[in-house]
Amino acid sequence: MDIEQVWRVVSLQDYNTRVVIAGTALLGLAAGLVGCFTLLRRRALIGDALAHATLPGIALAFLVVSAAGGNGKSLDVLLLGATLSGLLGIITILLIRRASRLKEDAALGIVLSVFFGGGMALLGIVQQTDTGHAAGLESFIYGKTATMVAGDAWLIGIASVACVSVCVALLKELKLLCFDEAFTGSLGFRVVTLDAMLMAVVVVVTIIGLQAVGLVLVIALLVIPAASARFWTDRLVPMMILSSAFGMVGCLIGAMASALLPRLPSGAMIVLTTSLGFGVSFFVGKRRGVLIRWFRRHRLNRSIDRQHLLREIYEMFESRTDRISVTWGELLPARTWSPWRLRQSLQHAISDGLVISNIGGHEFALTQNGRDESRRLTRRHRLWELYLIHFAEIAPQRVDRDADAIEHVLDPETVAELETLLDAELGRDRMPGDPHGMESMA
Amino acid sequence: MMLGIVDWSWRLDGWIIVVGVLCAMSSALLGTFLVLRRMSLLGDAISHAVLPGLAAAFLISSSRSSWWMFVGAVVVGVLTALLSDFIHRRGRVDEGASMGVVFTTLFAAGLVMIVMAADQVDLDPGCVLYGAIEQTPLDMWTVSVSDQVSWRMPRVVWILSAVAAMNAAFVIVFFKELKISTFDPDLAGSSGLSPAAIHYMLMTLVAITAVASFECVGNILVVAMLVVPPATAYLLTERLGILILLACAIGTISAIAGHLAAVELPTWFGYRSTTTAGMMAVATGASFASAFMFAPRNGVAPRLARRWWLSWSILADDVLSLLYRIEERPGKPRNVSSIGRRGSQTAGEADAIDWIAETLLTSRWATTWTLRFHAWRGNVTRPLDGQLPQLTDSGRTDARSLVRSHRLWEQYLVTRGDASEKSIHDIAHRLEHFTDSKLAAELDSQTDSPETDPHGSPIPKPDPGEDFSSK
Chain A
0 MDIEQVWRVV SLQDYNTRVV IAGTALLGLA AGLVGCFTLL RRRALIGDAL AHATLPGIAL
60 AFLVVSAAGG NGKSLDVLLL GATLSGLLGI ITILLIRRAS RLKEDAALGI VLSVFFGGGM
120 ALLGIVQQTD TGHAAGLESF IYGKTATMVA GDAWLIGIAS VACVSVCVAL LKELKLLCFD
180 EAFTGSLGFR VVTLDAMLMA VVVVVTIIGL QAVGLVLVIA LLVIPAASAR FWTDRLVPMM
240 ILSSAFGMVG CLIGAMASAL LPRLPSGAMI VLTTSLGFGV SFFVGKRRGV LIRWFRRHRL
300 NRSIDRQHLL REIYEMFESR TDRISVTWGE LLPARTWSPW RLRQSLQHAI SDGLVISNIG
360 GHEFALTQNG RDESRRLTRR HRLWELYLIH FAEIAPQRVD RDADAIEHVL DPETVAELET
420 LLDAELGRDR MPGDPHGMES MA
Chain B
0 MMLGIVDWSW RLDGWIIVVG VLCAMSSALL GTFLVLRRMS LLGDAISHAV LPGLAAAFLI
60 SSSRSSWWMF VGAVVVGVLT ALLSDFIHRR GRVDEGASMG VVFTTLFAAG LVMIVMAADQ
120 VDLDPGCVLY GAIEQTPLDM WTVSVSDQVS WRMPRVVWIL SAVAAMNAAF VIVFFKELKI
180 STFDPDLAGS SGLSPAAIHY MLMTLVAITA VASFECVGNI LVVAMLVVPP ATAYLLTERL
240 GILILLACAI GTISAIAGHL AAVELPTWFG YRSTTTAGMM AVATGASFAS AFMFAPRNGV
300 APRLARRWWL SWSILADDVL SLLYRIEERP GKPRNVSSIG RRGSQTAGEA DAIDWIAETL
360 LTSRWATTWT LRFHAWRGNV TRPLDGQLPQ LTDSGRTDAR SLVRSHRLWE QYLVTRGDAS
420 EKSIHDIAHR LEHFTDSKLA AELDSQTDSP ETDPHGSPIP KPDPGEDFSS K
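Chains as they are written, first to last, in numbering that gives the first Met the number 0: chain A, 0 to 441; chain B, 0 to 470.
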């Protein structure tokens with residue numbers, strides 16, 4: 000393969016490439032958008048159930064039209080059959096969900112397997128008819144992106160635009176439906192109607208996708224872009240935009256890759272590209288990505304460890320004002336920290352200029368900054384303990400741990416407000432005594 | 000020959016049914032827990048996801064021996080479960096979505112791998128993955144225990160028997176652990192069990208069962224058997240042990256019925272027999288549909304019937320007490336025109352049934368049948384033209400106790416419940432249907448045996464035969 004060939008594909012010079020790429024990109028856009036709603040309604044695999052539920056409709060449409068003397072393999076007939084039986088499947092799911100105590104997943108599984116089983120049984124009969132090689136019907140299920148012609152692309156394009164406009168027009172209602180179904184009902188919207196409209200859009204996307212990229216791959220387009228977008232944002236509209244973009248870009252790159260390497264099946268390439276996007280989002284997604292969450296937790300843990308260390312050292316100096324340093328041997332048993340963790344937090348404190356150690360690294364003292372910081376932390380902690388004892392009426396024995404838990408998670412404004420409240424009682428500079436100490440003296 | 004079905008032979012169809020039943024049993028045992036843990040679609044996910052396992056096994060071993068394929072598929076099946084679980088927990092992605100991401104990706108990877116491998120030899124995923132249950136009797140294995148004793152059964156029966164035995168052993172041995180970790184994972188964790196270990200064992204067994212069954216009987220059957228029989232049983236019982244047994248029984252019956260239907264049904268339309276696995280799946284669907292409609296407690300039809308019966312019996316009560324209230328009026332009016340005006344219609348123009356239907360806000364049809372019922376029971380006389388039906392003695396007894404309950408409740412709500420006089424009628428109207436004479440006596444003593452209710456209507460005395468308060 001040479002550069003020229005690559006350029007031919009990337010610059011969309013072939014008519015056929017252009018058609019395929021435009022068609023799949025539009026499909027990816029619509030599926031990504033619709034996928035957001037199904038994901039948020041915790042019904043991500045509805046496309047899976049739906050795609051399987053179309054099989055009996057396809058087979059039955061073929062049988063009926065053939066028996067009536069028509070051409071059973073015409074696309075219109077098969078699409079109609081698929082749509083009708085898909086809708087029947089959706090209605091069955093909604094019915095099971097409403098009228099029994101089975102959960103969503105069981106309803107999906109029942110419809111999926113029973114409808115598909117019925118389809119297989121009907122295909123067994125189709126194969127016995129005169130015209131009936133099932134081959135034409137089979138390819139409907141698996142889809143052939145590469146053989147897409149201009150007519151198919153137009154069909155996909157129109158259907159996708161229709162789906163997108165329905166979603167955009169009903170944005171407010173669908174948003175309510177996804178986040179608070181009961182509230183939607185109480186505002187006077189017909190929940191059932193809205194749900195049915197959403198499902199109708201899913202049916203349209205699934206069926207045009209089935210025919211274009213195949214059964215498994217249309218499920219992927221409905222699930223993966225939306226799940227990827229969820230890692231980046233907590234807001235619906237950005238999520239919809241991102242998800243559509245993921246779907247579209249995945250389709251573009253996948254279709255181009257398969258055009259460059261004609262042996263690779265384009266549907267599979269599209270899925271692998273979108274999955275790659277999912278993998279990246281999974282780790283580095285800005286809101287919910289694993290690495291981001293790990294990093295946030297790590298930072299929180301580190302700051303908690305440092306606060307504990309400084310307070311511990313401060314209290315050691317406080318109990319014996321004449322001492323110059325605290326030793327490793329004193330610090331280690333003072334709290335339930337592992338030697339490794341204590342060493343880590345000491346290292347961090349030293350590099351932050353809060354603590355200095357002797358050359359051997361066994362004795363530690365606070366710098367001026369460290370003294371101020373540790374005094375501030377200890378004061379805050381004790382204020383909290385006082386607050387809990389006086390205002391929340393918590394027993395002094397439990398108060399240390401509760402104060403620990405609260406002081407790390409409250410935002411600075413609340414802390415400041417509470418501190419002014421307590422300062423008014425104690426005076427600005429006074430350091431409150433340790434309630435545990437007071438307890439033991441009493 | 001059986002049931003007049005042509006082409007039936009025990010040597011073939013008997014084995015097919017045995018295979019179907021074994022598949023149903025082994026799937027239903029595990030499927031119960033999948034349904035309860037809301038992972039019903041795992042079977043479906045695995046059935047798509049094993050493709051790269053097959054391709055990898057083929058690339059590594061460069062043989063199409065079913066043993067390698069089996070191992071490859073099981074490994075990828077377990078991987079599907081583990082990866083979905085990982086994405087669900089770590090990424091906080093919805094369970095269904097994480098399953099969808101994993102299996103579609105694996106399937107796509109498998110497709111690409113097969114295309115790459117296609118240079119070496121033709122590997123058709125269809126023929127490796129989707130066995131046909133109809134062909135099971137053709138491949139027989141003989142296992143000799145000793146020189147005299149040897150068994151000859153289809154290969155598939157051996158495999159599925161082993162899988163079913165393994166699953167049964169797992170469920171029996173770990174029944175308690177499975178139960179706790181399914182219904183309350185936190186309790187399981189705090190009592191020293193490891194919910195995760197049980198979970199992964201379950202996943203592994205599901206993968207093994209699914210893969211063994213794909214190869215034997217095709218994938219759709221196991222996907223159906225994992226979900227539908229347990230879901231059906233779930234509508235019928237609330238006890239886990241019974242649920243499992245019921246699921247197995249439903250699976251077994253569906254397998255038998257499915258094969259019979261596959262052989263018999265198409266001949267009605269002039270075709271030969273059709274796919275057995277598909278029909279077995281349809282049969283599970285039929286059993287689900289009947290449980291959905293007719294399950295004694297949760298079925299749609301019994302629920303409707305119960306609601307219908309309740310509203311009808313309330314209507315019957317209301318008719319009686321309405322007639323009693325008319326009798327109470329001065330002059331005991333005998334026809335509608337002498338009652339005067341009530342409701343929107345001019346009373347004189349309506350005949351008795353219309354008037355009653357109007358007053359009780361119900362249909363003429365329901366009123367007619369209620370009056371017929373009461374006449375049959377001997378509670379009222381048959382309504383003549385324009386005449387109101389008259390209470391008989393037994394009807395009057397029933398009506399009196401209803402009106403008594405109603406007015407006692409009103410009194411009680413005002414004196415004890417501090418309710419305002421405007422709101423009490425509706426509450427009392429609802430409660431009167433569920434008040435027996437004992438409760439009425441209790442209300443009577445709580446309200447110090449009043450003579451009249453808050454609206455000033457007299458409270459009827461209890462019948463001597465029903466008076467429990469005197470004891």
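Heads up, some of the hints might be wrong.
[To be verified] Heads up, simulated DSSO-like pairs for lysine-lysine below, C-alpha to C-alpha not over 27 Å straight-line:
#1 A:K171 x A:K72
#2 B:K178 x A:K102
#3 B:K175 x A:K102
#4 B:K331 x B:K178
#5 B:K437 x B:K460
#6 A:K102 x A:K174
[Said to hold, decoys possible] If you only want the chain A side, here are some residues facing chain B, beta carbon under 8 Å, derived:
#7 R97
#8 G123
#9 A226
#10 A256
#11 V279
#12 F281
#13 V283
Hint data in this document are derived by calculation from the structure and do not stem from the laboratory. Where is the CB? At the ideal position from N, CA and C, for every residue including glycine.
Quick rundown of the hints versus the structure:
no. : hint            : in the structure
1   : A:K171 x A:K72  : 41 Å, violated
2   : B:K178 x A:K102 : 18 Å, holds
3   : B:K175 x A:K102 : 23 Å, holds
4   : B:K331 x B:K178 : 67 Å, violated
5   : B:K437 x B:K460 : 14 Å, holds
6   : A:K102 x A:K174 : 22 Å, holds
7   : R97             : 10 Å, violated
8   : G123            : 3 Å, holds
9   : A226            : 5 Å, holds
10  : A256            : 10 Å, violated
11  : V279            : 12 Å, violated
12  : F281            : 5 Å, holds
13  : V283            : 12 Å, violated
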